[in-house]
Amino acid sequence: MTNHTPQLWRFHGGLHLAPNKAQSTHAPIASMPLPTRLIIPLQQHIGTSAEVGVEIGAHVLKGQVIGRAVGYVSAPIHAPSSGTVVEIAERPIPHPSGMSATCIVIDTDGRDEWTPVQACPDYQSLDPSALRNRIREAGIVGLGGAGFPAFIKLNPASAHGVDTLILNGAECEPYIACDDMLMRERADAIVRGAQIMRHALLAKRCLIGIEDNKPEAFAALAQAIRQCSDTGIEIVPVPTIYPAGGEKQLIKVLTGKEVPSGGLPLEIGVICHNVATAVAVDAALNQGRPLLSRVVTVAGAGVRTPCNLDVLVGTPVSAVIAACGGYTDDAKRLIMGGPMMGFTLDNDAVPIVKTSNCILVAAAAEAPDPPPALPCIRCGACAEVCPALLLPQQLYWHSRAKEFDKVQDYRLFDCIECGCCAYVCPSHIPLVQYYRYAKTEIWAQERDKRKADLARQRHEFRLQRQQRDKAERDARMQQKKAALNSGGNQDARQKAAIQAALQRVKEKQLGAANAPEARPDRSKDEEHPTGPVDPSQSR
Amino acid sequence: MFFSRSNSPHVATETDVALIMRRVLYALIPGVAACFAFFGWGVVVNIVLAGAAALAAEAAILALRRRPIAAALKDGSALVTAVLLGVSLPSLAPWWLTVVATVFAIVVAKQLYGGLGYNPFNPAMIGYVVALISFPRQMTQWLIPHSGGHLSLAQTLQLQLGGSVPAGLKLDALTSATPLDTLKTQLGLHRTVTEIWNSPVFGHIAGVGWEWIGAAFLLGGIWMLYRGVIRWHIPVGMLSSLAVMALIFYAIDPDSHASPLFHLFSGGTMLGAFFIATDPITASTTERGRIIYGAGIGVLVYIIRSWGGYPDGIAFAVLLMNMAAPTIDYYTRPRVFGEHEK
Chain A
171 MTNHTPQLWR FHGGLHLAPN KAQSTHAPIA SMPLPTRLII PLQQHIGTSA EVGVEIGAHV
231 LKGQVIGRAV GYVSAPIHAP SSGTVVEIAE RPIPHPSGMS ATCIVIDTDG RDEWTPVQAC
291 PDYQSLDPSA LRNRIREAGI VGLGGAGFPA FIKLNPASAH GVDTLILNGA ECEPYIACDD
351 MLMRERADAI VRGAQIMRHA LLAKRCLIGI EDNKPEAFAA LAQAIRQCSD TGIEIVPVPT
411 IYPAGGEKQL IKVLTGKEVP SGGLPLEIGV ICHNVATAVA VDAALNQGRP LLSRVVTVAG
471 AGVRTPCNLD VLVGTPVSAV IAACGGYTDD AKRLIMGGPM MGFTLDNDAV PIVKTSNCIL
531 VAAAAEAPDP PPALPCIRCG ACAEVCPALL LPQQLYWHSR AKEFDKVQDY RLFDCIECGC
591 CAYVCPSHIP LVQYYRYAKT EIWAQERDKR KADLARQRHE FRLQRQQRDK AERDARMQQK
651 KAALNSGGNQ DARQKAAIQA ALQRVKEKQL GAANAPEARP DRSKDEEHPT GPVDPSQSR
Chain B
115 MFFSRSNSPH VATETDVALI MRRVLYALIP GVAACFAFFG WGVVVNIVLA GAAALAAEAA
175 ILALRRRPIA AALKDGSALV TAVLLGVSLP SLAPWWLTVV ATVFAIVVAK QLYGGLGYNP
235 FNPAMIGYVV ALISFPRQMT QWLIPHSGGH LSLAQTLQLQ LGGSVPAGLK LDALTSATPL
295 DTLKTQLGLH RTVTEIWNSP VFGHIAGVGW EWIGAAFLLG GIWMLYRGVI RWHIPVGMLS
355 SLAVMALIFY AIDPDSHASP LFHLFSGGTM LGAFFIATDP ITASTTERGR IIYGAGIGVL
415 VYIIRSWGGY PDGIAFAVLL MNMAAPTIDY YTRPRVFGEH EK
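Chain order of the listed sequences is A and B. Each residue of the first sequence is one higher than the one before, starting from 171 at the first, in the working numbering. Each residue of the second sequence is one higher than the one before, starting from 115 at the first, in the working numbering.
Errors might be hidden in some of the hints.
Claimed, not checked - Facing chain B, according to a computed beta carbon distance under 7 Å, are these residues of chain A, among others:
| no. | residue |
| --- | --- |
| 1 | W179 |
| 2 | A543 |
| 3 | G550 |
| 4 | Y604 |
To be verified - From the derived model, a few chain A residues whose C-beta atoms are all more than 12 Å from chain B:
| no. | residue |
| --- | --- |
| 5 | A192 |
| 6 | S201 |
| 7 | T272 |
| 8 | D382 |
| 9 | G458 |
| 10 | G507 |
| 11 | T514 |
| 12 | I668 |
| 13 | K676 |
What the hints assert, rightly or not - Some residues of chain B that are not near chain A, with every Cβ distance over 10 Å (derived):
| no. | residue |
| --- | --- |
| 14 | S266 |
| 15 | S373 |
| 16 | R449 |
These are computed hints drawn from the structure, not numbers from a lab. Where is the CB? At the ideal position from N, CA and C, for every residue including glycine.
Given the sequences, and given the hints that come with them, work out the whole structure.
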């Protein structure tokens, strides 16, 4: 399966970066002592936050749902270990903005007692939607970093299925080695997970893309595949160029296809998952276990023993660092993620979440303070390395000038924020920062515009309603008036009729009293008395 | 434990603007050395004067603009402008000519537009054109290239700073028209290129001395390409379009048009192609755009040399294409990843 060299494609730009991965790959994945306290954010994925599913004081078992998924794009949260819910409150979460969000705090009881789980090794007998539901219920999200609920990306969307399932084992960012170690040590699980995913997606083939600087991972996976019969899985070494692990870049390298601008990989028949997600899918089906932990790389000169650890979700970063021997005196910056795309944490009390692949404790030399930015000299070095083929200096120029329409014209939203442009910029301009700013502003404007549109619609509707009401009222008035006018004649006729009737009644009464003189006309006649009148004539 | 925050990426290359400018200055060394070899001390005097004037002018304006002075002076961009002017001006240029051109370049063409990165026109070429239009006589006084030093430093200083011709020397005997100028004038007199080529100003492929100066700038340019200081698009675009233009007319009528090689190694062609047209601030920034931009300069240079009012046209051609650069950029945007080919 892997003896022929498949054709590879090249994406534009990219960087050759010092890998710095060896510092954590010298030892196998280690486990760490059970933390006494777990802080579990309700939102660890893209989409709607889960809602609290436990009460303070409740005793929970390992694997028990403590946060329920809300809506479609959401994922449930499980108790990573057994213990007592002691707090449900806003806590700082790992986020670039340093914001806080609702977390469930569990004091572990040390027993690590499981809730009953039900494995389903015979996944092929499952209905595809039931299979996806299992993965959804296991709380599995993309473990490569984005954290998109995995079950959504396991929907083939058509009866024909997808063409290619890609497992991303490129792991292109320096320092990060958790996927590398996972591939070395849990290759079997990856292959099993890949088979489940391929089955769910009805995928014709599955490619596992691995950067060619990971020969051990490649060998382990190749071994695992050899032990299975007809897996339809192929491992492809890809050139080590940052950001080869970017979803769009890896798809391009492996298939030659480009995800349409603003579109999804599914549109070109490709679905991409991280290798760690495959391991989680395997555990969910074959062991019935939800996603409770992940492998985290702890690296950098600021930590005593860099290593890869299997860490429970909710473990405070401080506990992870302690398990690695603590900080060195050089520790200067705490970065969640890698040096290119990671974000700094100002505080090590925040927890590890499902998407935390690396804790980089950088020394000053590893993450130096950026020198003051100089003006852009339009050298174009940024455009040369941009994997999205953008013109970063134009984006910068227009972002800076707040010309947001022009920024979008230059395809700001195709920027994947890989940081290559800022890395090579001779003027040390924090380019990615400008793009994030522009994106945020544009989103805010769109939100405001939507709000304004809604308000305008409401206003217009109100005006319309008022006009309609007025028109209806006018029409009613008109009708009434018309009715009054034409109805006035009617009244006159009625009155006349009534008058006439009254007259007749009067006449009758008069006639009854004195018949001959009762008739009014007769009263006139009385002036000219003509002799007795025949009463019968009055009728 | 608490940490300071910063924004990704948290790492960067060592390159900076000052390093780029320093490399440009290094790359100018062979060309400057060749100029020195053929024209003597005057080039050195020009460069020193221009350098001092550029730094002083830059500092003065930055002080007026209340901007950090030291950081801007250290970026080396003013020095690059100064050296480019120093080698572009005639080697016997009087001191005030060099100073006027440099101060105009730095103050008007660069700082008044907002300083480094904001100038739409190449400052050195603006300074050069100001001098050329304002002082045409001084700008056409070029020494006859000699491989030996014909004027001592003291004599050069007396000429350039004192404005007086040293005793025992005749300026007319030392200066002559440049090869490009000679060609233009003689062609105007209806002589053929072959006849004109008999003049002693011509050497193997172009003017005596000038061809070597061109080669030296080419050498520096190739080194800059190798070090990634510049990209190939602009020089290749410019040199090839100039060569193609020259070839077409040379093929049609070799008697009244000089050879492509003559054009490539005459005047400021090589200096322009590698050191002036490649100024990133004023050039096009897209790959295709840079080829078009360079090609435009090459075509304009040929047009000005052949039918224009000046023997060489690098400065005008560069400035004209500077004007076109934003438009070129607009129409040569690359296809974004995931977009269909247009």
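The hints, checked one at a time:
1. W179: With a closest approach of 12 Å, the A:W179 hint is violated.
2. A543: violated (10 Å)
3. G550: holds (5 Å)
4. Y604: Hint violated; A:Y604 Cβ to chain B Cβ min 10 Å, cut 7 Å.
5. A192: holds (17 Å)
6. S201: holds (23 Å)
7. T272: holds (23 Å)
8. D382: Check passes; 22 Å lies beyond 12 Å.
9. G458: Holds, since 38 Å exceeds 12 Å.
10. G507: violated (8 Å)
11. T514: violated (5 Å)
12. I668: holds (87 Å)
13. K676: holds (99 Å)
14. S266: holds (40 Å)
15. S373: holds (34 Å)
16. R449: violated (6 Å)
Checked against the numbered hints above, the structure violates hints 1, 2, 4, 10, 11, 16; every other hint is satisfied.
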